[in-house]
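Take these sequences, add in the hints, and give me the full structure.
There are 2 protein chains.
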Amino acid sequence: MTTLVFGHKSPDTDSTGSPLIWAWYLTEVQGQKAEAVLLGEPNTEAAFVLNRWDCPKPRIVTEIADGTPAVIVDTNNPAELPANVNALDVTAIIDHHKLVGGLETKGPIDITIRPLACTATIMHDLMGDTALPDQIKGLMLSCILSDTLEFRSPTTTEHDRAVAEKLAADLGIDIAAYASELFEAKSDISAFADAELLRMDSKEYEVAGTKFRVSVLETTAPKLVLDRKDSLMASMVDVAAQDGVDQVLLFVVDILNEEATLLVPNDLVKTLAEKSFAATVTGDTVVLPGVMSRKKQIIPVLTM
Amino acid sequence: MTTLVFGHKSPDTDSTGSPLIWAWYLTEVQGQKAEAVLLGEPNTEAAFVLNRWDCPKPRIVTEIADGTPAVIVDTNNPAELPANVNALDVTAIIDHHKLVGGLETKGPIDITIRPLACTATIMHDLMGDTALPDQIKGLMLSCILSDTLEFRSPTTTEHDRAVAEKLAADLGIDIAAYASELFEAKSDISAFADAELLRMDSKEYEVAGTKFRVSVLETTAPKLVLDRKDSLMASMVDVAAQDGVDQVLLFVVDILNEEATLLVPNDLVKTLAEKSFAATVTGDTVVLPGVMSRKKQIIPVLTM
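Heads up: the protein sequence lines correspond to chains C and L, in order.
Residues in the first sequence are numbered from 1098 upward in steps of one, following our numbering.
Residues in the second sequence are numbered from 1098 upward in steps of one, following our numbering.
FYI, nobody ran anything at the bench for these hints, they're computed from the structure.
Heads up, none of these hints are tricks.
FRET-style restraints, in silico, Cβ to Cβ:
#1 Ala1180(L) to Ala1184(C): 23 to 33 Å
#2 Glu1255(C) to Pro1386(L): 51 to 61 Å
#3 Asn1181(C) to Ala1180(L): 24 to 34 Å
#4 Asp1186(C) to Asp1207(L): 22 to 32 Å
C-beta: ideal position from N, C-alpha, C; glycine also.
See the structure below:
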């Protein structure tokens, strides 16, 4: 049977590129039958990356049959995976997120989780001195530049940076110029409805009994998002109700200026912002200097 | 702060040796402060190994303060770890068991789980070409021979075997002779009460709503155990009641003859044995040819 390789349900560049990278490795190097698939539509940056490196868009699957051999990458969170994930035949997990619990396997399998910025960096290490075609190098480089926001995110490690610089040198690619292309693609939000923007890159998180959907939009053009702030704040009420959370938080991360703007639709978010970030909130937005990473700078400080 | 490195609550050779191996690596190679500790008294084989390789017995700890830096080895099962394990600062997990779920970490950490027979084999790989002192090689070899029952267990992989043979060659040790010493040490059960034997190497497992404590005693002298079968079966009732399970199962694994004898104290176990192993039970024991591994040959087939 063919092993399906997939990341989480909101495929960004790492969750689109890493399945392709690992499916290539399983097929071409390990001699297994493997196929990269997506659990949702790739975001605009991921779509740009597929096009740039001549990769056909992987098949989008919404249901996977029990017992299907599977490799999970870029997440270990059952909430971000098919509902029947524990009934699949998961043979490996490669990830760089905290262990959230909930995944169970029938027997011992290969699990590699590392505190690095990007799944593709871990895959690079696992492949050792395997000779990589340019397409795979290009995907790896794209994943690392995307997840590290061109090394600006505090999740970046020296190792992620070194691997990216080596790949870029091999490919003859100028990192700054290529990263600009990536971020420009990610910043094109014109095709998305408000509710889509609120769900595009978001994780549920509970603080003192209150459930939040913590959404992040990384962009080089924050104005494009903030121009839509009134309708985004109106949409938050519907999205929260539909998704069974109490409040949506939207952090608009300005990649180039290295700051985030949090939308403040009500007193609940105002109080949260003031307590969590020692910020003074006067209007319906608040700028949080230096905040770029949900994992490192938002989730750990959220308090009510 | 010093990182505590520990395995599960019933320290066998792998759960005693692997913490020592990894604490050595963290201290001597990584330049960190680390200490191997045990969550219980080592079994007789592990005690023999400590003595053979001139290792002082690690400190036995029963409580670990919240926030203590910790590396967990040879398990990922919260039931086999301190009750406050998710409140510790776990920085790494190295294991070769199935993922059971339940462990959670505050941030991304190093997790390496491999479908190999022994934690020490994984550590050997993670250390790469680090020069190892004889003491560490001796501990690694002991762990692998113990967990693979000298390569007899079906959990054994070619890689475990190759690593053990390399270590034995480096040390000038005859594997067969040394394994005999290990198993002889493990087979000396004279100091243990019946209840201790029933709990020494056991895992809880539920079949169709019935809770079992599945105990295994690996020995080269099954007669020493079976001579005590009447009092062991009497003790099962008390142990089950105290531990909140419905039934204790005791499999006496004859390492040299590669078979297990299951004690059959009542009709419940008789039915279970007949359904699970296609065995015909006539008395109060049943021999199961070829059965050596709880993980591979007992847990997966248990049916009611």
